Amino acid sequence: MNAMPRAVELGLIACTVCGQVCRTVPGDPQLDGDGVGDAMACPRCGSTLRRRKTDSYARTWALLIAAFILYIPANVLPIMRTASLNDVDDNTIISGVVELWVKGSPDLAIIVFTASIVVPMLKFLALGTLLVSSRRGSGWARVQRAKLYRLVELIGYWSMLDVFVVALLTALVRFSVLSLVEPLPGVIFFGLTVVLTMLASMSFDPRLIWDGKDTDD
Amino acid sequence: MTDDNPIEPAPPGNGELPRPVVRRRRVNASLIWLVPALAALVGLSLVINNWLQAGPQITISFQSAEGLDAGKTPVKYKNVVIGRVNKIRLSSDRSHVLVSVALEKSAAGFATRDTRFWVVRPRIGLGGVSGIDTLLSGAFIGADVGDSTEPEDEFKGLELPPAVNHGAPGRSFILHSDDLGSLDIGSPVYYRRIQVGRVASYELDKDGKGVSLHIFVDGPNDKFVTRSSRFWNASGVDVSLGANGLKVNTQSLATVLAGGVVFQDPPGPHDSTPAAEDASYKLFNDQATAMAPPDGEPHYIRMRFEQSVRGLAVDAPVEFLGINIGKVVSVRLDYDERTQRFPVLVGAVIYPQRLGAAYDKLEALARAHGENADLPQLMGRLVEHGLRAQARTGNLLTGQLYVALDFIPKTPKVAFDPAAKPLTVPTVPGSFDKLQEQMAGIVDKLAKVPFDSIGQNLDRSLAGLDRTLKQVNGQTLPAVRDTLHGVRQTMGTANEALAGDSPLQQNLGATLEQLQRMARSLRVLTDYLGGHPEALIRGRRPDAKPADATPVTAPAAVPPAQGSKP
Numbered sequence: 038m039n040a041m042p043r044a045v046e047l048g049l050i051a052c053t054v055c056g057q058v059c060r061t062v063p064g065d066p067q068l069d070g071d072g073v074g075d076a077m078a079c080p081r082c083g084s085t086l087r088r089r090k091t092d093s094y095a096r097t098w099a100l101l102i103a104a105f106i107l108y109i110p111a112n113v114l115p116i117m118r119t120a121s122l123n124d125v126d127d128n129t130i131i132s133g134v135v136e137l138w139v140k141g142s143p144d145l146a147i148i149v150f151t152a153s154i155v156v157p158m159l160k161f162l163a164l165g166t167l168l169v170s171s172r173r174g175s176g177w178a179r180v181q182r183a184k185l186y187r188l189v190e191l192i193g194y195w196s197m198l199d200v201f202v203v204a205l206l207t208a209l210v211r212f213s214v215l216s217l218v219e220p221l222p223g224v225i226f227f228g229l230t231v232v233l234t235m236l237a238s239m240s241f242d243p244r245l246i247w248d249g250k251d252t253d254d
Numbered sequence: 309m310t311d312d313n314p315i316e317p318a319p320p321g322n323g324e325l326p327r328p329v330v331r332r333r334r335v336n337a338s339l340i341w342l343v344p345a346l347a348a349l350v351g352l353s354l355v356i357n358n359w360l361q362a363g364p365q366i367t368i369s370f371q372s373a374e375g376l377d378a379g380k381t382p383v384k385y386k387n388v389v390i391g392r393v394n395k396i397r398l399s400s401d402r403s404h405v406l407v408s409v410a411l412e413k414s415a416a417g418f419a420t421r422d423t424r425f426w427v428v429r430p431r432i433g434l435g436g437v438s439g440i441d442t443l444l445s446g447a448f449i450g451a452d453v454g455d456s457t458e459p460e461d462e463f464k465g466l467e468l469p470p471a472v473n474h475g476a477p478g479r480s481f482i483l484h485s486d487d488l489g490s491l492d493i494g495s496p497v498y499y500r501r502i503q504v505g506r507v508a509s510y511e512l513d514k515d516g517k518g519v520s521l522h523i524f525v526d527g528p529n530d531k532f533v534t535r536s537s538r539f540w541n542a543s544g545v546d547v548s549l550g551a552n553g554l555k556v557n558t559q560s561l562a563t564v565l566a567g568g569v570v571f572q573d574p575p576g577p578h579d580s581t582p583a584a585e586d587a588s589y590k591l592f593n594d595q596a597t598a599m600a601p602p603d604g605e606p607h608y609i610r611m612r613f614e615q616s617v618r619g620l621a622v623d624a625p626v627e628f629l630g631i632n633i634g635k636v637v638s639v640r641l642d643y644d645e646r647t648q649r650f651p652v653l654v655g656a657v658i659y660p661q662r663l664g665a666a667y668d669k670l671e672a673l674a675r676a677h678g679e680n681a682d683l684p685q686l687m688g689r690l691v692e693h694g695l696r697a698q699a700r701t702g703n704l705l706t707g708q709l710y711v712a713l714d715f716i717p718k719t720p721k722v723a724f725d726p727a728a729k730p731l732t733v734p735t736v737p738g739s740f741d742k743l744q745e746q747m748a749g750i751v752d753k754l755a756k757v758p759f760d761s762i763g764q765n766l767d768r769s770l771a772g773l774d775r776t777l778k779q780v781n782g783q784t785l786p787a788v789r790d791t792l793h794g795v796r797q798t799m800g801t802a803n804e805a806l807a808g809d810s811p812l813q814q815n816l817g818a819t820l821e822q823l824q825r826m827a828r829s830l831r832v833l834t835d836y837l838g839g840h841p842e843a844l845i846r847g848r849r850p851d852a853k854p855a856d857a858t859p860v861t862a863p864a865a866v867p868p869a870q871g872s873k874p
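Heads up: the sequence lines are chains A and B, in that order.
To convert a position in the first sequence, counted from 1, into this note's numbering, add 37.
To convert a position in the second sequence, counted from 1, into this note's numbering, add 308.
Everything labelled a hint here was simulated from the structure, so no lab data went into it.
On a predicted model such as this, the values are computed, not experimentally measured, just so you know.
C-beta: ideal position from N, C-alpha, C; glycine also.
Please note: incorrect hints may appear among the correct ones.
[Unchecked claim] The calculated lysine-lysine pairs, modelled on DSBU-like cross-linking and capped at a C-alpha distance of 30 Å, are: (1) A:Lys140 / B:Lys380; (2) B:Lys729 / B:Lys635; (3) B:Lys635 / A:Lys140; (4) B:Lys669 / B:Lys718; (5) B:Lys753 / B:Lys742.
[As the list claims (entries may be wrong)] Short derived list, chain B residues pointing at chain A, Cβ under 7 Å: (6) Ile340; (7) Val343; (8) Leu354; (9) Ile493; (10) Pro582; (11) Tyr667.
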């Protein structure tokens with residue numbers, strides 16, 4: 038027996054809504070409460086009882102892949118059109134960053150680059166790492182992985198920076214002939230990417246990190 | 309989704325934990341995978357859409373990429389965007405730039421062989437201003453599509469916009485000229501001072517001896533170009549000084565600066581059938597030559613002048629009885645070893661057609677006589693009748709000469725070879741030369757006068773005269789003075805005699821008084837005798853009546869016997 042027993046080893050399952058702790062029915066795969074094919078309900082409040090989030094791996098994978106697919110058009114398509122008196126400029130994320138850098142605002146360029154490129158990529162990598170390592174039941178650096186997950190959840194909101202910039206500029210810069218900013222399809226894909234990555238990180242169950250064999254005790 | 313199916317009621321309390329309620333799940337399919345599928349679908353549709361919308365990729369070469377911007381510069385046809393420049397690079401030999409253009413799918417028809425591309429930039433020329441809108445919007449590439457369906461993806465961009473767009477109504481014509489003058493692509497073409505077209509292009513003839521201009525006349529005015537239309541260059545100002553005074557003639561201010569072409573039908577009867585597409589015309593230098601009747605075939609003649617032809621320049625007119633029939637084309641010096649003189653060979657072209665009806669008649673006459681009617685033969689006959697070339701002064705101020713072909717009376721006969729090449733027309737010295745010869749004769753005669761002996765004789769005579777004068781001074785003049793003195797004395801005497809108080813005068817007055825009295829008595833006598841003629845014989849009768857007073861007035865001092873016939 039391990040020093041720190043898990044609920045499944047004790048044959049217990051808790052309702053996450055009302056806190057009711059139940060004894061699991063051993064032997065029935067339908068009722069093992071591992072999050073796959075669960076069919077148990079809380080006897081007190083009637084909420085579905087599950088040891089882990091439903092289909093956590095599949096959902097996270099699906100959402101992550103969808104986000105990654107949409108991330109490609111988000112970067113290829115222009116996100117914003119800046120029209121001034123004698124110039125019409127369509128900018129993608131990268132070209133905007135380059136333009137900011139070239140035109141002498143490296144600080145802004147770094148912020149935009151971080152928010153629009155680094156953070157989504159980090160999310161893809163982090164969630165991918167978490168999914169793969171958890172699936173294998175690896176006991177490697179569990180505490181750090183848990184921290185990584187919390188970081189991903191935290192920074193998720195900030196990835197919307199680009200979308201906010203475009204929305205703000207579109208609303209503010211409307212001087213008809215002199216200057217005009219229009220959103221272009223790229224920003225929709227970018228927004229979808231951010232939303233999907235957030236959903237993916239939500240559908241991942243951090244408790245999966247701790248499943249599997251303990252090696253560190 | 310779920311169905312309440314409690315298989316085991318949870319046992320409450322007694323320290324034992326409750327059993328969960330088991331529900332059977334009907335659908336177990338993992339719908340979450342629809343999300344990435346949907347995303348993939350969207351992505352795929354984007355790719356397919358992009359692929360479907362992508363038109364042909366073409367490359368246009370330009371001299372310079374000035375104003376072009378990769379990713380921005382549009383390609384426009386009739387101001388509709390049909391593509392966009394997506395890449396600009398230098399050619400491998402760096403002589404020009406290669407501009408890659410992504411045409412839109414709908415504009416695939418522009419990737420054909422005879423499509424033309426050019427960069428529209430703001431242009432300010434003498435003929436006007438164009439492309440002002442590109443000042444703000446930036447340059448764009450203009451396109452003009454042709455008829456060809458042959459696909460092509462390499463184009464050579466035009467440096468200037470084409471003067472004529474494909475399919476524009478109108479017709480193009482070809483003009484031949486000696487030089488381009490101040491014309492350029494886009495120079496206007498005028499008909500009755502209305503611009504009806506422009507110069508589309510020009511090129512050197514293959515032999516380099518002229519320029520061919522392609523002009524385009526817009527419809528519907530192209531019908532005014534007829535088979536007999538005359539074209540001339542309207543560049544510059546035409547100033548003419550005629551009997552009506554100074555006349556300045558221009559087409560428009562723009563043509564003065566930038567040049568232009570004018571066409572018009574010649575006056576009088578002419579063929580007014582509209583000309584065919586690409587008909588050829590000669591471009592004349594001015595209206596006068598353009599409107600002149602056609603010159604016909606030029607003939608080269610040569611004249612050999614024995615005297616100086618100072619003032620005879622190339623292009624000097626050749627006149628036949630005052631009618632301009634040609635011009636001098638060359639003036640060259642020659643050396644004659646036999647006479648050791650320097651004759652001047654003057655070459656000229658003459659246009660016999662300019663003689664008009666006279667030439668036709670001469671030709672017809674020669675034919676009627678069954679003779680050869682070409683120019684050398686005709687010329688031969690005219691030379692027989694005394695036709696000679698003569699360099700005459702056309703302008704006394706500048707001394708400009710012209711060549712006159714005239715019939716000179718009593719000129720010695722010369723040999724004339726009609727078969728000679730070139731045809732040589734005999735010459736006679738000009739009028740001014742003749743004057744010079746006569747002057748020389750006079751000078752010759754003057755030289756024969758013995759001025760020396762005349763001088764000596766004159767000297768001697770003058771010495772004699774001097775002596776004579778001395779004599780006159782010394783002897784004759786004092787005598788004359790004495791004589792004059794005597795004359796003055798005589799005049800003084802006469803003066804005194806004629807003075808009012810002189811005795812002569814008084815005597816004369818008394819004498820005249822006597823004479824008056826005598827005349828009065830004579831009149832009385834004649835009156836008496838007229839009344840009494842018998843008194844001549846019988847003497848005077850005694851007065852009959854005292855009333856008869858008439859004789860009282862008669863002075864008794866006059867005796868009747870003293871009367872005489874008046």
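Exercise for review: Report the numbers of all earlier hints that the structure fails to satisfy, in ascending order.
Suggested key: Of the numbered hints given earlier, those the structure breaks are 3, 9, 10 and 11, listed in rising order.
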